[in-house]
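Student: What follows is each chain in one-letter form.
There are 4 protein chains.
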Amino acid sequence: MSELKDLRDELRAFAAERDWDQFHSPKNLASALAVEVAELLEPFQWLTEEQSRSLSDKQRCAVTDELADVQIYLIRLADKLNVDLVQAVRARIVLNAEKYPATIFKSSARKYSDT
Amino acid sequence: MSELKDLRDELRAFAAERDWDQFHSPKNLASALAVEVAELLEPFQWLTEEQSRSLSDKQRCAVTDELADVQIYLIRLADKLNVDLVQAVRARIVLNAEKYPATIFKSSARKYSDT
Amino acid sequence: MSELKDLRDELRAFAAERDWDQFHSPKNLASALAVEVAELLEPFQWLTEEQSRSLSDKQRCAVTDELADVQIYLIRLADKLNVDLVQAVRARIVLNAEKYPATIFKSSARKYSDT
Amino acid sequence: MSELKDLRDELRAFAAERDWDQFHSPKNLASALAVEVAELLEPFQWLTEEQSRSLSDKQRCAVTDELADVQIYLIRLADKLNVDLVQAVRARIVLNAEKYPATIFKSSARKYSDT
Chain A
1 MSELKDLRDE LRAFAAERDW DQFHSPKNLA SALAVEVAEL LEPFQWLTEE
51 QSRSLSDKQR CAVTDELADV QIYLIRLADK LNVDLVQAVR ARIVLNAEKY
101 PATIFKSSAR KYSDT
Chain B
1001 MSELKDLRDE LRAFAAERDW DQFHSPKNLA SALAVEVAEL LEPFQWLTEE
1051 QSRSLSDKQR CAVTDELADV QIYLIRLADK LNVDLVQAVR ARIVLNAEKY
1101 PATIFKSSAR KYSDT
Chain C
2001 MSELKDLRDE LRAFAAERDW DQFHSPKNLA SALAVEVAEL LEPFQWLTEE
2051 QSRSLSDKQR CAVTDELADV QIYLIRLADK LNVDLVQAVR ARIVLNAEKY
2101 PATIFKSSAR KYSDT
Chain D
3001 MSELKDLRDE LRAFAAERDW DQFHSPKNLA SALAVEVAEL LEPFQWLTEE
3051 QSRSLSDKQR CAVTDELADV QIYLIRLADK LNVDLVQAVR ARIVLNAEKY
3101 PATIFKSSAR KYSDT
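Protein chains in written order, with the numbering used here: chain A, 1 to 115; chain B, 1001 to 1115; chain C, 2001 to 2115; chain D, 3001 to 3115.
Derived by calculation from the structure, the hints in this document are not laboratory data.
Hints are supplied without guarantee of correctness; some may be wrong.
[Unchecked claim] Derived DSS-like pairs (lysine-lysine); straight-line CA-CA distance at most 27 angstroms:
(1) C/K2106 <-> D/K3080
(2) C/K2111 <-> A/K80
(3) C/K2099 <-> D/K3058
(4) D/K3058 <-> C/K2058
(5) C/K2111 <-> C/K2099
(6) D/K3058 <-> A/K99
(7) B/K1099 <-> C/K2058
(8) B/K1005 <-> A/K80
(9) D/K3111 <-> C/K2005
(10) D/K3005 <-> C/K2080
Bound conformation, chain A alone (with noise of 0.2 angstroms):
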């Protein structure tokens, strides 16, 4: 059973209950997810690469709560749109892996390099 579909489900519920749905267009969910990606963004924005490596247990707990709160909203809109998160997610990685083959870009990581 997906785990995914039940967190959707209850998701579901939850506004449901409350009366949210009336809030929770797709273009409102996706700029909810904006402001909580960047409410995740916010604590590494002054970090060095390597301090955002080894957060403290406060910075982490912090950043647990936004992740959780990016992943609510991000099922949200996927339900609104009819999207099986996890279905696009592995026809995304087939794409990737061919769009970069491990043996030409695991030498060069020209992908990055290149922006």
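On the provided structure of chain A, position chains B, C and D as indicated by the hints.
Tutor: Using the frame of chain A, we list chains B, C and D on its own:
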């Protein structure tokens, strides 16, 4: 078996095969997530809420790809921070249920009108 | 005399007096800008377009602070990259005038309906 | 005479000539701003801070265009909300000077290490 953990393992292997972990610091992954979410927001920016509820097939496909990209970077970032996304979401739902009791928020939708 | 250059100089002095230039790499300033813009987006996320056109005084004050923060980081980032913002905007307006001729786009608003 | 007010007037005329004010609700402009800022963040996402301090000419040109787009939507949004950007920034600088006294923050850079 957990589908998010499956995807996490696949994405872990994908990055390892290409030597991309050097770029995937939490700081960078949080930025990448912000970039992908904005690509998801982009097709909605000039739509009315109503239009966003009934996307064309072409629009829906484009949005599906962006949803997948957001989910991918979210899984990668959670992995690098050793966070179990499903567990984090469950904890958040419990907290939100206490913060926004259905009996109070159903009638007023105060969370939203307060903004 | 240019007011944006005045502000740039003031903000430059402000950072120098606090030894903050070490944190203000273009990479970090671009992240900070994304964080501030999301704080600006936040009060609008659940409003209808109509509501967003008639904010309360309290909402308008909060938004004014966020507009200022975005402008501040934008000036800082442009300064670090040696970009003249006014000149860059003027060049962009010329380009946009060619890309979206008024005669064609007036009738159809195609730029927006195409999305 | 104020250069930001000049640009505001030009952008106002630009939108009016194309009948675009119908799309430029504050809610939509705030989203557009978020989208543009992410395009500005994109070229920096995988760079080290060091690399971001020394962009190639090609990278710098691309970033200049995005800086301009952000400034344009910021001017438009401030205009729609009747906010004087220069005045708002000045007020913010005064506030920040009180919040972060140079004598205290110079030695410790606490604002940043606290995050």
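Student: Each hint: holds or not?
Tutor: For each hint, the structure was consulted:
1. Between C/K2106 and D/K3080 the CA atoms are separated by roughly 20 angstroms; this keeps the pair inside 27 angstroms, and the hint holds.
2. A C-alpha spacing of about 26 angstroms is found between C/K2111 and A/K80, which places the hinted pair at or below 27 angstroms, so the restraint holds.
3. At most 27 angstroms may separate the alpha-carbon atoms for a hinted pair to count; C/K2099 and D/K3058 meet this at roughly 22 angstroms.
4. Between D/K3058 and C/K2058 the CA atoms are separated by roughly 43 angstroms; this puts the pair beyond 27 angstroms, and the hint is violated.
5. A distance of roughly 10 angstroms separates the Cα atoms of C/K2111 and C/K2099; the hinted pair therefore holds under the 27 angstroms criterion.
6. Simply put, D/K3058 and A/K99 have alpha-carbon atoms about 24 angstroms apart, close enough for the 27 angstroms limit, and the pair holds.
7. Proposed proximity of B/K1099 and C/K2058 is supported: the alpha carbons are some 24 angstroms apart, at most 27 angstroms.
8. Restraint check: the Cα-Cα separation between B/K1005 and A/K80 comes to about 24 angstroms, which is no more than 27 angstroms; the hinted pair holds.
9. Restraint check for D/K3111 and C/K2005: satisfied, since their Cα atoms lie roughly 26 angstroms apart, inside the 27 angstroms limit.
10. Between D/K3005 and C/K2080 the CA atoms are separated by roughly 24 angstroms; this keeps the pair inside 27 angstroms, and the hint holds.
Going through the hint list in order, the structure does not satisfy hint 4, though it satisfies all others.
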